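In order, the protein sequence lines correspond to chains A and B.
Counting from 1, position 393 in the first sequence corresponds to residue 393 in this note's numbering; the numbering is continuous, with no gaps.
Counting from 1, position 220 in the second sequence corresponds to residue 220 in this note's numbering; the numbering is continuous, with no gaps.
Treat the hints loosely; a few may be bogus.
All copies of an identical chain are treated as equivalent in the list; a pair is satisfied when it fits inside any one copy or across any two copies.
What the hints assert, rightly or not - Each computed DMTMM-like pair below joins lysine to aspartate or glutamate, with the alpha-carbon atoms no more than 20 Å apart:
(1) 140 <-> 378
(2) 154 <-> 14
(3) 10 <-> 401
(4) 311 <-> 145
(5) 84 <-> 224
(6) 291 <-> 101
(7) 10 <-> 342
(8) 308 <-> 378
(9) 154 <-> 187
(10) 182 <-> 281
(11) 182 <-> 155
(12) 413 <-> 73
(13) 413 <-> 215
(14) 308 <-> 388
(15) 182 <-> 286
(16) 195 <-> 215
Quick caveat, the hints were computed from the structure, so don't treat them as lab data.
Only a predicted model underlies this, so the values are computations on that prediction, with no experimental measurement involved.
This is what each chain is made of:
There are 2 protein chains.
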Amino acid sequence: MSFIIRADAKSWIDVPADHHFPIQNLPFGVGCPTTHPECVCIRIGDQVLHLWTLLDAGLIPEEEFPMLCSFQDMDRGHMSDIRKIAYDLLRADNPLLRDNEALRDQAVTSIDNAEIQIPVLIGAYVDFYSGINHASNVGKMFRPDMPPLLPNYKELPVGYNGRASSVMVSGEPVRRPKGQTKDASAERPSFGPTKELDFELEMGFFTGRGNVLGEPVSIDDFTDYLLGFVLVNDWSARDMQRWEYQPLGPFLAKSFGTSISPWVVTLDALEPFRVAGPKQDPQPLEYLRAKENWHFNIELEVSIHTEKMSKPQVVAHTNAQELYWSFAQQFAHQGVNGTNIEPGDLYASGTISGTEPGSFGSLLELTWRGRDALVMEETGEKRTFLEDGDTVIMTGWCQGEGYRVGFGTVEGKVLAAV
Amino acid sequence: MSFIIRADAKSWIDVPADHHFPIQNLPFGVGCPTTHPECVCIRIGDQVLHLWTLLDAGLIPEEEFPMLCSFQDMDRGHMSDIRKIAYDLLRADNPLLRDNEALRDQAVTSIDNAEIQIPVLIGAYVDFYSGINHASNVGKMFRPDMPPLLPNYKELPVGYNGRASSVMVSGEPVRRPKGQTKDASAERPSFGPTKELDFELEMGFFTGRGNVLGEPVSIDDFTDYLLGFVLVNDWSARDMQRWEYQPLGPFLAKSFGTSISPWVVTLDALEPFRVAGPKQDPQPLEYLRAKENWHFNIELEVSIHTEKMSKPQVVAHTNAQELYWSFAQQFAHQGVNGTNIEPGDLYASGTISGTEPGSFGSLLELTWRGRDALVMEETGEKRTFLEDGDTVIMTGWCQGEGYRVGFGTVEGKVLAAV
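For reference, chain A alone in the conformation it holds in the complex (with noise of 0.2 Å):
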């Protein structure tokens, strides 16, 4: 039952075509600016309506929607209902709110005034592996003499268990991390701040309910069990990581900080651009067979912004389309053991590459393991990995028909080691 918008639409608040957040998007976030801080509201434009206002004012029925103030205990369905709601209100032919300037003052805020906050309330956070350029990337790295693909890629969505604790709201800085490192040559491992530090450009969606631990989830649930989606970036210390990984995988080379963007895009916003992933060769194991399409036709963009620069250059370009596992596999894959999944679960996709070098998501890929630096064009600098100030960007986009349908974007700014 998605409430799609049409693309025709239009709001009495003016949006140009290009914006990320026209009436058809709607996205959810948190971030009142004055009595309810930590409540739900939606973006438009560049304003917040704020959902406890309308609550306030009668016009969201509070029987049916107690927990604006716990946006992970909505269910997609509340969500719908409330987009709906949302979207009546702002529809350019309506004046019950466009008209009534006391209560629209309240209700509809300018972005800039908004604390925007982390949307959801993380308590696990799941990265998979689904990028299969950037998987075969890694592997043409770092086992050059093997298949760059491991036998179980193609079978199931490899994946590991992230630490959610250190996921932040875009806009936050991350800290250079410290750590071991060990340098080929050397005898020893040495401690200090990485020299490789790195992003890593991924989608990812959250979970709005749960199941009953030794329960297994179905793929045909996803749709009941999905909030929404956001972009990832998974920042990553390369040198670290190749030293701690094996046998038990990434840990504190991720561990130090993921950034998300803060909007949480439904999938009713994003039905108009649901696609057919890749041809899957060999078709996966039933459990993993949808029958929906689950990719979608996102645009995605990384741009570094450095300290001397005034405008950041984008250094990759992409496509969510390039994912070989498709959210709902993935949802079906965590959950076919009967491990219980909660509400404000994030599960992130895996690092989205193409096949050209300018659609890497990774520093990694992009001057392939520091090989091939990067020039930025405005000031000559040159980068094989992050510095201290740089500003990675990060954005995606569905490009309607004279609309799009976008996730703003996710930033975050390279602090020094402490």
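Dock chain B against the given chain A, drawing on the hints supplied.
Chain B alone, transformed into the frame defined by chain A:
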């Protein structure tokens, strides 16, 4: 500022000399039977001391300890103070509670009437790999042509993030998980219940406070962060693990369930049993060097009780001193990259094995990958891995002079797959 209860201390509650919970222990748990089911209590002998009742009666100063329903928000200082109050009330020569029959009947009730909950709301679960004999045995089995330990093993406490949502308290059954496995001779994996369900004997500690993201902790701070210790059974599906774990580590082979013992044993209670760990060669990097001893002389035992047996059979006996990396080193490594430790984090040690066959902490090792079945003496049943209906019972204790400080048990019965 430890509060160590003398070996000759006696309570007016009679506790046998080989009991795990004499007045020298006084561990914390959650589960009052009546009015405050989620509140903190203390175990003594076969009785439960209800702290909430003591608070109501004015025997615990409310202004100092307002948080008896949120155990993990107490720091070690609070716990030490409350434990001291409990000790005073339970001393054989203190009539205050002993002779107040009405209050005593409310404040002290039988363990048989308590509904024991998970002691801490677990935000994150990290599992280390600090049992060197286990790591070495696994290396011998899975990489027979290489040195059994990887080069990083003696430089850092290898670990990974586990799934916190599926951590259960002792007594809850574990459902045999389904998942992908692949026989060496098969062309493709198949899906079904694991055929290699195993246990792992581990110790774990909880943290009771957090640090700010980006500000690393120091090994010298461990005492301030430490809430206490429990036994951990890290259930594992070996066939799923073999197929999935490259290159990002264990995932579904572990996330279906982890069991912990319900009583959080304090550092104060364990003080008399602190011992030096094994000599570490090479000497660890500086951030991993502790001033104090952070190993403990804890006897550990695993038993199996099949449905046909009238009583359990001990299948492994070892000691927590077999850990290569100490709890403090695990803590220091976890936090050195600036990730934010949080109240309620659970850090498990990894499987603890001795050097001899009867001292191994997993069936994988005890049966040497299924080669040498264990025989249940009472029934003649054989076990390579766990079968449906089997109950695994782990226990651990420190032997003092005339008393024990113990952990009770962590038990779990295997249910058939869905």
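* To do: Classify it for me, residue 311 with residue 145: is the Cα-Cα distance of at most 20 Å met within a copy, between copies, both or neither?
  => So residue 311 and residue 145 fail the 20 Å test inside a copy (41 Å) and across (54 Å) alike.
* residue 195 and residue 215: within-copy, between-copy, both or neither at 20 Å Cα -> This pair counts as between: shortest inter-copy Cα distance 19 Å, intra-copy 44 Å.
* Please work out whether the CA atoms of residue 182 and residue 281 approach to 20 Å or closer within one copy, between two copies, in both situations, or in neither? => between (38 Å within a copy, 17 Å between copies)
* Quick one: residue 308 to residue 388, C-alpha cut-off 20 Å, is that within a copy, between copies, both, or neither? -> within (12 Å within a copy, 64 Å between copies)
* **Identical-chain pair category, residue 308 with residue 378, by Cα at 20 Å** => Close inside one copy (9 Å), not across copies (77 Å); limit 20 Å.
* Asked: At most 20 Å between C-alpha atoms: does residue 10 with residue 342 qualify within a copy, between copies, both, or neither?
  -> Classified as neither; 36 Å inside a copy, 46 Å across copies.
* Asked: Should residue 413 paired with residue 215 be assigned to within, between, both, or neither, using CA atoms and 20 Å as the limit?
  -> between (42 Å within a copy, 16 Å between copies)
* **Identical-chain pair category, residue 182 with residue 286, by Cα at 20 Å** => For residue 182 and residue 286, only the inter-copy Cα distance (15 Å) is at most 20 Å; the intra-copy one is 43 Å.
* To do: At 20 Å max between alpha carbons, let me know whether residue 182 reaches residue 155 within a copy, between copies, both or neither.
  => So residue 182 and residue 155 pass the 20 Å test across copies only (10 Å; inside, 33 Å).
* **residue 10 and residue 401: within-copy, between-copy, both or neither at 20 Å Cα** => Cα proximity of residue 10 and residue 401: one copy only (13 Å, versus 81 Å across).
* How would you label the pair residue 291, residue 101 (within, between, both, or neither) given a Cα cut-off of 20 Å? -> For residue 291 and residue 101, the Cα distance exceeds 20 Å both inside one copy (47 Å) and across copies (66 Å).
* Asked: Given identical chains, is residue 413 near residue 73, meaning Cα to Cα at most 20 Å, within a copy, between copies, both, or neither?
  -> For residue 413 and residue 73, the Cα distance exceeds 20 Å both inside one copy (31 Å) and across copies (32 Å).
In terms of the numbered hints stated before, the structure departs from hints 1, 2, 4, 6, 7, 12, listed from lowest to highest.
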